[in-house]
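Can you build the whole structure from these sequences, using the hints too?
Line order of the protein sequences matches chains A and B. Each residue of the first sequence is one higher than the one before, counting from 30 in the working numbering. Each residue of the second sequence is one higher than the one before, counting from 20 in the working numbering.
Source of the hints: derived by calculation from the structure; they are not laboratory data. Note that beta-carbon positions come from the ideal geometry of N, C-alpha and C, so glycine has one too. Any given hint might turn out to be false.
Claimed, not checked - Covered stretches of chain A (in silico footprint by chain B; criterion: 3 or more residues with CB under 8 Å from a CB of chain B, positions within the stretch not fixed):
id	segment
1	69 to 75
2	103 to 111
3	141 to 148
Said to hold, decoys possible - A partial selection of chain B residues facing chain A, derived with a Cβ cut-off under 7 Å:
id	residue
4	69
5	73
6	83
7	84
8	87
9	90
10	93
11	116
12	120
13	161
14	165
The chain contents come next:
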Amino acid sequence: MATPSLRSPLGRVRGLGSARSGTHHWWMQRVTSIALLPLTIWLVFALASLAGAGFSEAQVWVARPFNAVLLLAFLGAGFHHTAAGLQVVIEDYVKPDSRRIVVMLVVKGLCALLWLMASLAVLRIALR
Amino acid sequence: MSHSEDGPDATFIGSRTDGTPVVRPLSPHLQVYDMLQMTSSLSILNRATGIAWSVGLIFLVWWLAALAGGPASFASVQWFLGSVIGWVVLAGLIVVAWFHTLAGIRHLVWDAGYGFDMPNTYRSGRMVIAGTAGLSVLTLIILIGAWI
Chain A
30 MATPSLRSPL
40 GRVRGLGSAR
50 SGTHHWWMQR
60 VTSIALLPLT
70 IWLVFALASL
80 AGAGFSEAQV
90 WVARPFNAVL
100 LLAFLGAGFH
110 HTAAGLQVVI
120 EDYVKPDSRR
130 IVVMLVVKGL
140 CALLWLMASL
150 AVLRIALR
Chain B
20 MSHSEDGPDA
30 TFIGSRTDGT
40 PVVRPLSPHL
50 QVYDMLQMTS
60 SLSILNRATG
70 IAWSVGLIFL
80 VWWLAALAGG
90 PASFASVQWF
100 LGSVIGWVVL
110 AGLIVVAWFH
120 TLAGIRHLVW
130 DAGYGFDMPN
140 TYRSGRMVIA
150 GTAGLSVLTL
160 IILIGAWI
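Here is the structure:
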């Protein structure tokens, strides 16, 4: 112990640990992975059966409310899960802290932009 | 605080909630594991397929954005996906998506507290490999059937 702390163990736990967020990151990775199980199974088979589809056929497929909603759900859960997973990889391998922060911001920014781009595309097709 | 002379360990100094420093193990520790064991190679593959799926999502975004953009942009993404490189990317992504999904189920079972003993760990590992192969072949059959 370098400097004895006056905070009680309970007080520290209420501050949710050294990361200040407790197990939230780990838990959300699990929650999104559970959501992605049915969504991924649906998406892979759906896209595989769309292979070779023409422009209007593909647009009609995306515009169907069932498909549009599940696509938006997949993109939301998928990019959340992707950002969370890549964050752990960056935390494990990228050093020093200065580079880690830059890489983290770039990766999170790209995930956010790609999520918005794909969601806007689905909405444009569905609301046309 | 115990002190490690091992290179990676020595650089991995975290802090406790009261601010005192602590040496924490580097995870995953690439130096101490035999990469050819099924347990460690599947663990590494789960992370590798996660990264590959992240890159693969770009193709999904491209496909959706091109479809929203109009017939011309859609034609170019379809041309790419129909090319040799496109087929390699698609086939690779199918394998990657199924592996990461099935390995993810294995991790969720572990998170729930089951299947940690060695026989079950190897059995679930073999199930992930066999499942990935089976579902990938099934997906490719559907893909090729829809294409023709």
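Inset, instruction - Report the numbers of all earlier hints that the structure fails to satisfy, in ascending order. - result: none
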